[in-house]
Amino acid sequence: MVGTRKGAFVLTSDGKREKWDVSGPHFAGWEIYHVKGSPADPNRLYASQSSGWFGQQIQRSNDGGKSWEPVGNKFVYDGVPGTHQWYDGTPHPWEFKRVWHLEPSLTDPDTVYAGVEDGALFRSTDGGQSWQELSGLRGHGSGPRWQPGAGGLCLHTILLDPSNPDRIFIAISAAGAFRTDDGGKSWRPINQGLTSQYIPDPHAEVGHCVHRIAMHRSRPDVLFMQKHWDVMRSDNAGDSWHEVSGNLPTDFGFPIDVHAHEPETIYVVPIKSDSEHYPPEGKLRVFRSRTGGNEWEPLTKGLPQSNCYVNVLRDAMAVDSLDSCGVYFGTTGGQVYASADAGDNWAPIVRDLPAVLSVEVQTLQ
Amino acid sequence: MIRVVLPAHLRTLAGVGAELKLDVEGPVTQRSIIDALEAQYPPLRGAIREYGTGQRRAFVRFFACEEDWSHESPDAPLPEAVAKGAEPFLIIGAIAGG
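Residue numbers (the numbering used here), protein chains in the order written: chain A, 1 to 365; chain B, 1001 to 1098.
Treat each hint with caution, since some may be false.
Footprint (simulated), chain A over chain B, 3 or more residues, beta carbon under 8 Å [stated by the list, open to error]:
| no. | stretch |
| --- | --- |
| 1 | 1043–1049 |
| 2 | 1053–1063 |
Far from chain A, some chain B residues (derived; all Cβ distances over 12 Å) [what the hints assert, rightly or not]:
| no. | residue |
| --- | --- |
| 3 | Leu1022 |
| 4 | Pro1027 |
| 5 | Ala1039 |
| 6 | Gly1093 |
No wet-lab data here; the hints were simulated from the structure.
Every residue gets a Cβ at the ideal spot worked out from N, C-alpha and C, and that includes glycine.
Given these sequences and hints, build the entire structure.
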């Protein structure tokens, strides 16, 4: 399921993943930041549909995407919203802009979390009809000091701990990573070990531009992070982080993901810099580490190795759960690449979609 | 009956055609038309006016009888031709984006 600047597309294949059907655009003309299916019911899908003209919509499907219905789109901050910091450091009122990421519950198809800009987490327990803010996140104390990244003050990552229903990890650009251990009532920053030279205190409790966090469901205490600069790893549920950028050609980038069956195999797409949002040397390379970081190998077969100047955004990489693991990513140039052998060989599924914002995979029986 | 024309994306969202008809109670104003529109087509809530403030979204404009009413009071009576259904109330997506 591919979200783009101008609609959603569904790419379908059998287990061989050689031939693909492409359907879409769904919600043509709207920005689709994210589409994701419920792990508890694969027919239940949620999509974030937005427009600079007409605002935010949430779409829900009960039949695997054959039909959709708009559900609740009222995202109202809890209580008096207060302020966060604007780019120039002045106080700025919290304003809802859009939903970046939808994360359905692991167990209940009607429960879904929404990560929004300006940075906040909402939850629905009625299939998206109504939304309540988990305001302990903004309210835990550091909220007034959060500052937007270049893409806005977006809550873009939501990781639900499969072994502990009360534990959730989230990440916000450019506030950092946060964790709750009581189902979302209270939160604390988990940014110890992150170093960001571009902020006044490089080791601050908050203010780090975290781009993405990933985990393997068998080891939810092990987290991998692509920060603005630096690829990081935590072995204690975010209590502390250490750098695992190793031999990457650049440690700037957006997505990071974990192999479905190998918890120490991770993937990133290095990007030249924060001012040059394209791959180094015009070569589109996924880098894979089989050692949980530090030692990386470039994966290039089937990917353009000259004159390639696309970006891969933070929600635009996903893996399937087949054996061998499939890896997928989409680019701002509208290509969606797939590898059916864990990254050894790649091929484009489509080449000319609108800029890709998100890629998610459903592995159906 | 009041005639309302929606921009293409909102027609799709509401599941309606090029023009729709509404019963509006009381004075026919921008506010009363949009209140009735949102009541009959709930997916349009938040798409024309902001939640919370009730303000017109920045890139949405309202026209009636070839005049831009976007900056008029939402409670100002609209032209009789609109109130009688002779002319439609136009909700427009502003031309923007460069």
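- Query: Looking at the structure, which of the earlier hints fail to hold?
  - Reply: 6
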